[in-house]
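A.B. asks: Could you put the whole structure together from the sequences, leaning on the hints where they help?
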Amino acid sequence: MLIYIAKRFFLALLVTLTVSIASFFLLHYAGDLALVLAGEGATEEELDTLRHNLGLDRPVIEQYIVWFGNVVQGDFGESIYSGQNVSTMIGRRMPTTLKLAGGAFIIALLCGIPLGILSATKPNSWLDRSCLSVAVFGQSMPGFFLGLLLILLFGVKLKIMPISGADSWLHFVMPVIALSVGHIPAIMRLTRHGMIESLESDYIRTALAKGLTSSSVLFKHALRNAVLPVIALSAVTLGHILSGSVITESVFALDGVGLLAYESIRRNDFPVVQTVVFMFCIYFTVLTFASDMLNAFLDPRIRGN
Amino acid sequence: MRRLQHALALVWIAVAICLLAAPCGQAADKKDTLTIVGAMKIETTDPYFAPQKEVVNLAPSFSDALLWIRPGTTGYEPLLAKSWRYVDPVTLEFKLRPGVKFHNGEVCDADDVVYTFSWVIDPNSRITRKDRFAYFKQAIKIDQYTVRVVFKRSTPLAPLMCGSVVILPKDYHSQMDPKKFGLQPVYVGPYKVSEFTPGGNLILTRNETYYKDSPKGRPAIGKIVFRAIPEDQTRIAELVAGHVDWIANVPLEEIDYLRKAPKIKVASPMSVRFAGLMLDAAGRSGDTPMKDVRVRRAIAHAINREAIAQNLMPGEPMPIHSPCSALQFGCPENKDVVQYKYNPEMAKKLLAEAGYGNGFKVDLTAYHKELSAVLEAIIGDLRAVGITVTPRWLEQKAAYAERAEGKMTMGLMSWGSGGVQDVFYTNVYFFEGGNDDFARDPAVIELAKAGGTMLDSDKRAEIYKKMFQRIDDQAYWVPIAIQSDFNAFSSDLDVFTKNDGWPPFFWAKWK
Chain S
1 MLIYIAKRFF LALLVTLTVS IASFFLLHYA GDLALVLAGE GATEEELDTL
51 RHNLGLDRPV IEQYIVWFGN VVQGDFGESI YSGQNVSTMI GRRMPTTLKL
101 AGGAFIIALL CGIPLGILSA TKPNSWLDRS CLSVAVFGQS MPGFFLGLLL
151 ILLFGVKLKI MPISGADSWL HFVMPVIALS VGHIPAIMRL TRHGMIESLE
201 SDYIRTALAK GLTSSSVLFK HALRNAVLPV IALSAVTLGH ILSGSVITES
251 VFALDGVGLL AYESIRRNDF PVVQTVVFMF CIYFTVLTFA SDMLNAFLDP
301 RIRGN
Chain C
1001 MRRLQHALAL VWIAVAICLL AAPCGQAADK KDTLTIVGAM KIETTDPYFA
1051 PQKEVVNLAP SFSDALLWIR PGTTGYEPLL AKSWRYVDPV TLEFKLRPGV
1101 KFHNGEVCDA DDVVYTFSWV IDPNSRITRK DRFAYFKQAI KIDQYTVRVV
1151 FKRSTPLAPL MCGSVVILPK DYHSQMDPKK FGLQPVYVGP YKVSEFTPGG
1201 NLILTRNETY YKDSPKGRPA IGKIVFRAIP EDQTRIAELV AGHVDWIANV
1251 PLEEIDYLRK APKIKVASPM SVRFAGLMLD AAGRSGDTPM KDVRVRRAIA
1301 HAINREAIAQ NLMPGEPMPI HSPCSALQFG CPENKDVVQY KYNPEMAKKL
1351 LAEAGYGNGF KVDLTAYHKE LSAVLEAIIG DLRAVGITVT PRWLEQKAAY
1401 AERAEGKMTM GLMSWGSGGV QDVFYTNVYF FEGGNDDFAR DPAVIELAKA
1451 GGTMLDSDKR AEIYKKMFQR IDDQAYWVPI AIQSDFNAFS SDLDVFTKND
1501 GWPPFFWAKW K
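Heads up: the sequence lines are chains S and C, in that order.
Under my numbering, the first sequence has 18 at position 18, and the numbering climbs by one with no breaks.
Under my numbering, the second sequence has 1459 at position 459, and the numbering climbs by one with no breaks.
Since the hints were made in silico from the structure, they are not lab data.
Keep in mind that the hints are not guaranteed to be accurate.
With a Cα cut of at most 30 Å, we get these calculated BS3-like pairs of lysine-lysine [unchecked claim]: (1) C/1369 - C/1291; (2) C/1141 - C/1130; (3) C/1341 - C/1265; (4) S/159 - C/1509; (5) C/1031 - S/159; (6) S/157 - C/1407; (7) C/1212 - C/1511; (8) C/1263 - S/157; (9) C/1291 - C/1212; (10) C/1459 - C/1407; (11) C/1397 - C/1053; (12) S/157 - C/1152; (13) S/159 - C/1348; (14) C/1212 - C/1031; (15) C/1291 - C/1466; (16) C/1130 - C/1152; (17) C/1348 - C/1407; (18) S/159 - C/1223; (19) S/157 - C/1265; (20) C/1498 - C/1511; (21) S/157 - C/1031; (22) S/99 - C/1348; (23) C/1101 - C/1509; (24) C/1223 - S/157; (25) C/1498 - C/1216; (26) S/159 - C/1260; (27) C/1265 - S/159; (28) S/157 - C/1511; (29) S/159 - C/1263.
Residues from chain S shown here face chain C by an in silico Cβ test under 10 Å; the list is partial [to be verified]: (30) 88; (31) 144; (32) 163; (33) 249; (34) 250; (35) 251; (36) 265; (37) 266; (38) 267.
Glycine included, every Cβ here is placed at the ideal spot set by N, Cα and C.
C.D. replies: Take a look at the structure:
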């Protein structure tokens, strides 16, 4: 088990390092930061001075090493646009994104897994077809459009929900629904598939023959085996929800990290963009690592291999 | 299994009860609060570090300069200064109003004015848009309420430039990191910043110690709340639902809907912003057909500006024939310049004379998404005369960089002159031989520079007329039309709309 953990940890570090290098180089070759900062009408002399002040005249690899050294010490630099500390900017917005992503993740699981179980217990029935229709709806409906529909119906027509902002828990209801709907289908389908396979297994027939109740067989035996791929998917789903919250945050004017990333890209605010990319990379890496560990714990075959 | 189904049903019933029972957002107390919404978040309230439109437009509500342009007019009036005069062509003298106080109670006098000007001139201050203050040389204190501002060279925009310098409190500002000042700002203004979260809300409350003889007057509304909602449809939904009172940046396609919505008004303020095609006549991007004046004139004849202005740019649907707005000093009347009427046959003839009878291909760079329909129309018009246009959509910063590096063969520009009602800034950027000048015409450069230093208004107007006649004759630009910004607001709100940009909210009141 320790060797397995060490291997996965090393791979996680390697992925993080590779993404940070790639994103740093891509950002720096995407445009002249000095020109962006100096604005229109800047002379060559002013541009050269600015490049020197910001260290942009040094080799990119040297800039990366300096940046990474600062990151390791927790210093992500300052926003070029506002002059604020990047860590502070992200830290202030993180709770909003976590609330939104956490809520969407929980709703996706709470809806996806039970629907998958329901669907699997009566395959090809009207219940199964209804659940699959929900899945198709969720996969085909753009989150952006669903958000606007919810605003129109509940915010403008019925006036029972707040439309934008993050002043209360109620402000998160529509955004959470809009963000979670797109992720329910995958969880539901995977759960359904896993449950159908499990329910057709010999050990389930044996359990039923021994007189165990159907709920005991379903939840204690079948679900435990069916849920393994769902755990792996959940980790990736959470990563997608966190990084894909930008559209939802934009529609509902939630001041989160996703919206910050979008606005920073538009403003060429390199330090913020770099930090956000690095941070999302960490998210995915940590979540995937945690998922691997959980899977190894639940399934001895994985850690044995 | 049945238990699971029952459990799920109970969960949904509980959710429905919570939703129906919970209160939702209520409209603010309309009697003393005005909620306004823009598209971009404000990260700092300091106009020296935040050139974004939201801060530039809101700043007059909470900060004063020595002079100002009264909304709806074009002349400069005293504000913090009670009078001003030219001492010599490069020196302005200001007499300050005694007894004026900053929001924190500090008295505003010559020391603060000198400090402010010295700070904006200082290269180490690293403010954004430093080019706007490049003309200042120094500020000199004469006595406690008299200051002289000296310019590096004579400029007719000296009063305007002084009016763009918001006065800072020396004692307070000098003791803190300037970038932190925007988080807890102190100015002289009809409102003061009482609460601000970067990226969040900005709350202004009426300044009860604001000087009584200010031409801005005492605001009727006690509190202004600014919120940022990036998504157009969400902004509109908030206004229609009655949760906010005024919104900016109404998309063109929503104007009809809002005009028909109950208790909503739509306003199209006058504008100095115009849209036009900039052509690389100087050949900076390479040896392209744009270098030939016949090709440029052909392009001007090929584009149906009247139809574009009438159908795609509502509000002030008037085509323009010079790259400037009629609101700007120095912009000639259409009758005084050559007008390239829509004439595709003439365009083809000119192209044939230039050796492009079979047409050619060209890239067109654009960055303003609200001009996408205009771009499509231009592409269609040019295709009809044999010119195949490949559009290149870039983000604004990328387009600016490409323009400054001379890589743009044809660019669809949207130019607002920084809101300045004078062609001066247009000339500085596009016609004085700088990074963004794609004409590089010595005659135009000479006239632009001459107009930029002439203090006599009549002579200046004549110089600019000659300059634009040359520019239009050579078709360095193909101007299209004026671009208006649309705002929408509650019909219960009485707000001034006859200026360029956002309304002066310090004059807003409830009916």
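A.B. asks: So, for every hint listed, does it hold in this structure?
C.D. replies: Here is how each hint holds up against the structure:
{"no.": "1", "hint": "C/1369 - C/1291", "in the structure": "holds (28 Å)"}
{"no.": "2", "hint": "C/1141 - C/1130", "in the structure": "holds (23 Å)"}
{"no.": "3", "hint": "C/1341 - C/1265", "in the structure": "violated (36 Å)"}
{"no.": "4", "hint": "S/159 - C/1509", "in the structure": "holds (26 Å)"}
{"no.": "5", "hint": "C/1031 - S/159", "in the structure": "holds (22 Å)"}
{"no.": "6", "hint": "S/157 - C/1407", "in the structure": "violated (50 Å)"}
{"no.": "7", "hint": "C/1212 - C/1511", "in the structure": "holds (24 Å)"}
{"no.": "8", "hint": "C/1263 - S/157", "in the structure": "holds (15 Å)"}
{"no.": "9", "hint": "C/1291 - C/1212", "in the structure": "violated (59 Å)"}
{"no.": "10", "hint": "C/1459 - C/1407", "in the structure": "violated (36 Å)"}
{"no.": "11", "hint": "C/1397 - C/1053", "in the structure": "holds (15 Å)"}
{"no.": "12", "hint": "S/157 - C/1152", "in the structure": "violated (60 Å)"}
{"no.": "13", "hint": "S/159 - C/1348", "in the structure": "violated (58 Å)"}
{"no.": "14", "hint": "C/1212 - C/1031", "in the structure": "holds (23 Å)"}
{"no.": "15", "hint": "C/1291 - C/1466", "in the structure": "holds (22 Å)"}
{"no.": "16", "hint": "C/1130 - C/1152", "in the structure": "holds (15 Å)"}
{"no.": "17", "hint": "C/1348 - C/1407", "in the structure": "holds (27 Å)"}
{"no.": "18", "hint": "S/159 - C/1223", "in the structure": "holds (25 Å)"}
{"no.": "19", "hint": "S/157 - C/1265", "in the structure": "holds (20 Å)"}
{"no.": "20", "hint": "C/1498 - C/1511", "in the structure": "holds (18 Å)"}
{"no.": "21", "hint": "S/157 - C/1031", "in the structure": "holds (25 Å)"}
{"no.": "22", "hint": "S/99 - C/1348", "in the structure": "violated (61 Å)"}
{"no.": "23", "hint": "C/1101 - C/1509", "in the structure": "holds (25 Å)"}
{"no.": "24", "hint": "C/1223 - S/157", "in the structure": "holds (28 Å)"}
{"no.": "25", "hint": "C/1498 - C/1216", "in the structure": "holds (16 Å)"}
{"no.": "26", "hint": "S/159 - C/1260", "in the structure": "holds (20 Å)"}
{"no.": "27", "hint": "C/1265 - S/159", "in the structure": "holds (21 Å)"}
{"no.": "28", "hint": "S/157 - C/1511", "in the structure": "holds (26 Å)"}
{"no.": "29", "hint": "S/159 - C/1263", "in the structure": "holds (16 Å)"}
{"no.": "30", "hint": "88", "in the structure": "holds (9 Å)"}
{"no.": "31", "hint": "144", "in the structure": "holds (9 Å)"}
{"no.": "32", "hint": "163", "in the structure": "holds (5 Å)"}
{"no.": "33", "hint": "249", "in the structure": "holds (9 Å)"}
{"no.": "34", "hint": "250", "in the structure": "holds (5 Å)"}
{"no.": "35", "hint": "251", "in the structure": "holds (5 Å)"}
{"no.": "36", "hint": "265", "in the structure": "holds (8 Å)"}
{"no.": "37", "hint": "266", "in the structure": "holds (6 Å)"}
{"no.": "38", "hint": "267", "in the structure": "holds (7 Å)"}
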